[in-house]
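Construct the entire structure; sequences and hints are all you get.
Quick note, the sequences are listed as chains A and B, same order. Each step along the first sequence adds one to the number in my numbering, with nothing skipped, and position 96 is 96. For my numbering, count along the second sequence from 1 and bump the result up by 1000.
Don't take each hint at face value.
[What the hints assert, rightly or not] Derived DSS-like pairs (lysine-lysine); straight-line CA-CA distance at most 25 Å:
{"no.": "1", "chain 1": "B", "residue 1": "Lys1217", "chain 2": "A", "residue 2": "Lys88"}
{"no.": "2", "chain 1": "A", "residue 1": "Lys239", "chain 2": "B", "residue 2": "Lys1115"}
{"no.": "3", "chain 1": "B", "residue 1": "Lys1217", "chain 2": "A", "residue 2": "Lys78"}
{"no.": "4", "chain 1": "B", "residue 1": "Lys1111", "chain 2": "A", "residue 2": "Lys239"}
[To be verified] Simulated restraints, written as ranges between beta carbons of each label pair:
{"no.": "5", "chain 1": "A", "residue 1": "Ser183", "chain 2": "B", "residue 2": "Phe1289", "range": "39 to 49 Å"}
{"no.": "6", "chain 1": "B", "residue 1": "Lys1252", "chain 2": "A", "residue 2": "Asn47", "range": "30 to 40 Å"}
{"no.": "7", "chain 1": "B", "residue 1": "Gly1275", "chain 2": "A", "residue 2": "Gln19", "range": "56 to 66 Å"}
{"no.": "8", "chain 1": "B", "residue 1": "Asn1066", "chain 2": "A", "residue 2": "Pro94", "range": "25 to 35 Å"}
{"no.": "9", "chain 1": "B", "residue 1": "Asn1066", "chain 2": "A", "residue 2": "Asn27", "range": "35 to 45 Å"}
[What the hints assert, rightly or not] Taking beta-carbon pairs under 10 Å as the criterion, some of the chain B residues facing chain A (in silico):
{"no.": "10", "residue": "Ala1062"}
{"no.": "11", "residue": "Asp1073"}
{"no.": "12", "residue": "Ser1077"}
{"no.": "13", "residue": "Leu1104"}
{"no.": "14", "residue": "Asp1106"}
{"no.": "15", "residue": "Pro1108"}
{"no.": "16", "residue": "Lys1111"}
{"no.": "17", "residue": "Thr1175"}
{"no.": "18", "residue": "Met1181"}
{"no.": "19", "residue": "Thr1186"}
{"no.": "20", "residue": "Ile1187"}
{"no.": "21", "residue": "Gln1259"}
Hints were generated in silico from the structure; no laboratory data involved. The beta carbon of each residue, even a glycine, is placed where N, CA and C say it ideally should be.
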Amino acid sequence: MRTYIYLIIFLLTTPLFSQPSGKEILNLIDKNMTANTRIMTAKMIINGVRGSRTIEFKTWAEGEDRAFTEYMNPAREKGTKMLKLEDKLWIFSPSTDRIIQITGQMLRQSVMGSDLSYEDMMEDPDLTSHYSASVVASDTVQGRNCWVLQLNALAEGEAYEVRKIWVDQERYIPLREELYGKSGKLLKRTQLSEVTRIQGRWFPMKIVFKDMLKAGDGTQFIIVTIKLDEAIPENTFSKASLK
Amino acid sequence: MIKFIIKGLLRDKHRSRLPLIVVAIGVMLTVLLTTWITGVLGDSINLNAKLSTGHVKVITRAYRDNMDQIPVDLSLSGAQELLSNLKKDYPSASWVERIQFGGLLDLPDEKGETKSQGPFAGFAVDLFNPDSGEAERLNLSKILVKGKLPSVAGEILVSHSFSEKLGININDNVTFIGSTMYGGMTIVNFTVSGTIRYGIAALDRGSVIMDLSDAKKALDMEDACNEILGFTSVDYYDDIKATELMTSFNDKNTSGNDQFTPVMIRLRDQNELGGLIDLMSGVVGIISFVFILVLSVVLWNAGLVGGLRRYGEVGLRLAMGEEKGHIYRSMIAESLAIGFAGSVIGITIGLLLSYWMQQKGLDFSGAMQNATMLLPGIFRTRITPEAWYIGFIPGIFATLLGTMLSGIGIYRRQTARLFKELQLQ
Chain A
1 MRTYIYLIIF LLTTPLFSQP SGKEILNLID KNMTANTRIM TAKMIINGVR
51 GSRTIEFKTW AEGEDRAFTE YMNPAREKGT KMLKLEDKLW IFSPSTDRII
101 QITGQMLRQS VMGSDLSYED MMEDPDLTSH YSASVVASDT VQGRNCWVLQ
151 LNALAEGEAY EVRKIWVDQE RYIPLREELY GKSGKLLKRT QLSEVTRIQG
201 RWFPMKIVFK DMLKAGDGTQ FIIVTIKLDE AIPENTFSKA SLK
Chain B
1001 MIKFIIKGLL RDKHRSRLPL IVVAIGVMLT VLLTTWITGV LGDSINLNAK
1051 LSTGHVKVIT RAYRDNMDQI PVDLSLSGAQ ELLSNLKKDY PSASWVERIQ
1101 FGGLLDLPDE KGETKSQGPF AGFAVDLFNP DSGEAERLNL SKILVKGKLP
1151 SVAGEILVSH SFSEKLGINI NDNVTFIGST MYGGMTIVNF TVSGTIRYGI
1201 AALDRGSVIM DLSDAKKALD MEDACNEILG FTSVDYYDDI KATELMTSFN
1251 DKNTSGNDQF TPVMIRLRDQ NELGGLIDLM SGVVGIISFV FILVLSVVLW
1301 NAGLVGGLRR YGEVGLRLAM GEEKGHIYRS MIAESLAIGF AGSVIGITIG
1351 LLLSYWMQQK GLDFSGAMQN ATMLLPGIFR TRITPEAWYI GFIPGIFATL
1401 LGTMLSGIGI YRRQTARLFK ELQLQ
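Now the structure itself:
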């Protein structure tokens, strides 16, 4: 009889012990989503109130602090370049031949009319160093079992104080995300899909961003090609490369 | 009878002096207060109309629902056709296209990199077409501090304190960064041709005025604008006319549920100006009521004092057989004469003081450095046709009411005791 009781207790508690902690899940997400360098071509399909626009661009990124983006389409935006060095952002506009630094409140403005802000674009993808996490529930998203994690900012000044993410229990990739401001208001919602195996890791090739404070049907961020951990020439991340 | 009463008042100055002074002061204050409030509120309303709201405004339904964000992407398209239809259908009003927008103004250093930058509120108006009357409407030549008004494409005006904050000089090249009507990023160079000072803290902190054609090009709004403003008369907002215009236009444009369908709104529907308008129309009534009440109490007391002084006279008249009602009526007639004379004196002084304050004004700009509403920096009175007669209401009613209350004592006198009372005197 005692053996059966031990067996029942063991069977009941096994799932609890098998569930990874919030921090462990974040580490596994970061292993998938972060890389030393990323070179990608992507497009944003912006579904605004006046119809859809597609913007094509190429990005070179190194670690958390350095990124360079060049816009290739449409004609009005072609040749526009952006450089991020640590917490600073510069934009080069070929029509004005000017390099403009974007600071302060402007960083919260939309990039090219999309549902992404400059802050979103500049955001550090490494969640572990910015948020504490706890598993709050289990759910099913896109037919896959997910952990639901609540992330709280470790320090003041994060663009989103609280995040709620639905993480694929097998592939450790977020499939859905809700981003909340300091007041607790839902600011953005994202849906990640087309999770593909790239260089031995899982990576979402499509993200739909929806700014909850903005009209329109959201912005689709589609990665066309991506190369991870490839060497990027040093001069890419200099202001000289903007012109 | 009237001649007799006036003669009596002139000969016995004790009977008329105090009530006359009280009425004159009360009426003067009524006139002054009425012209002051009408002036201050009227100026605020006019300022809002000229700068931002018009007397009526045509916008899209979606823009109306998000108007506080000034969303350029919810603008009117096919603006030229809409404007010519408005001019054809409502020729009594003048119609102008406007674009309100926001953005960032960036001043470059010698290397072409950012030296300073700041956010601004932008107003695009039809400056290059003299028939539009926009430069005059916005009083631009008078508020110009340095430089000149834009005369060619690519020139802009910047608010003076904003230019000082960013270190912008006349003829400097600056870059505008903002969003187009379709959500794209726009970066355009402009030359600062002049600086302006509105005297309105909310605008002086950071604003830019440019020609409509420049804004349309920069914001990708070829045949679009976010607002068409209508002005029903030159000087003041007429709520009835504006309502008629709005009803007529909106009745014609009811078809479809498209969020870009044009809709007309009145000045009173914007910037919480409805409350100001209601206050302005109600204020004359409120002031008159308060002054009637206050003056009546004062004149009631004056009447009681006068009644005591004229106790003997009234007693004698009663003893001689004059009817109580006749005495009461004659005293009321006296009070009407006093009320009329006091009102004329009070209105004259009130109007003179109001005229002086209308010309000089009181400068409150220092107290409104952080104001977010569009309020004028200098407050002035405004003499309206109403100011010429409004004083008669408290002036005459208060004396009438005061006398009616104090005169009730006449009816309490007992004829049988009159001779005894008179003997005592």
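Hints, one by one, checked against the model:
1. Pair hint Lys1217/B plus Lys88/A does not hold up; C-alpha atoms about 30 Å apart against a cutoff of 25 Å.
2. In summary, the hint linking Lys239/A to Lys1115/B is supported, as the alpha carbons are separated by about 15 Å, within the 25 Å threshold.
3. A threshold of 25 Å between alpha carbons decides the hint, and for Lys1217/B with Lys78/A the separation of about 17 Å falls inside it, so the pair holds.
4. Between the alpha carbons of Lys1111/B and Lys239/A the distance comes to roughly 12 Å, so the proposed pair stays at or under 25 Å and holds.
5. Taken as a hint, the range 39 to 49 Å holds for the pair Ser183/A and Phe1289/B, whose Cβ atoms sit roughly 45 Å apart.
6. For the hinted restraint 30 to 40 Å between Lys1252/B and Asn47/A, the CB-CB distance of approximately 32 Å keeps it satisfied.
7. The beta-carbon spacing between Gly1275/B and Gln19/A, approximately 58 Å, falls within the hinted interval of 56 to 66 Å.
8. The hinted range of 25 to 35 Å is satisfied by Asn1066/B and Pro94/A, whose Cβ atoms lie roughly 32 Å apart.
9. For the hinted restraint 35 to 45 Å between Asn1066/B and Asn27/A, the CB-CB distance of approximately 42 Å keeps it satisfied.
10. A cut of 10 Å between beta carbons decides the hint on Ala1062/B: the least distance to chain A is about 7 Å, and the hint holds.
11. Below 10 Å, beta-carbon pairs count as interface contacts, and Asp1073/B has one with chain A at about 6 Å; its hint therefore holds.
12. Residue-level restraint check for Ser1077/B holds (minimum Cβ-Cβ distance to chain A is 9 Å; threshold 10 Å).
13. Because the closest C-beta pair between Leu1104/B and chain A is about 6 Å apart, less than 10 Å, the hint holds.
14. A cut of 10 Å between beta carbons decides the hint on Asp1106/B: the least distance to chain A is about 5 Å, and the hint holds.
15. The interface hint given for Pro1108/B holds, since its Cβ lies 6 Å from the closest Cβ of chain A, which is under the 10 Å cut-off.
16. Taking 10 Å as the C-beta contact cut-off toward chain A, the hint placing Lys1111/B at the interface holds, the least distance being around 8 Å.
17. With its C-beta approaching chain A no nearer than about 5 Å, Thr1175/B sits inside the 10 Å limit, and its interface hint holds.
18. This hint holds: Met1181/B has a C-beta 7 Å from the nearest C-beta of chain A, less than the 10 Å allowed.
19. Here the hint on Thr1186/B is kept, as its CB sits about 8 Å from the closest CB of chain A, short of 10 Å.
20. For Ile1187/B, the shortest C-beta to C-beta distance to chain A is roughly 4 Å, which falls under 10 Å, so the interface hint holds.
21. Residue-level restraint check for Gln1259/B holds (minimum Cβ-Cβ distance to chain A is 7 Å; threshold 10 Å).
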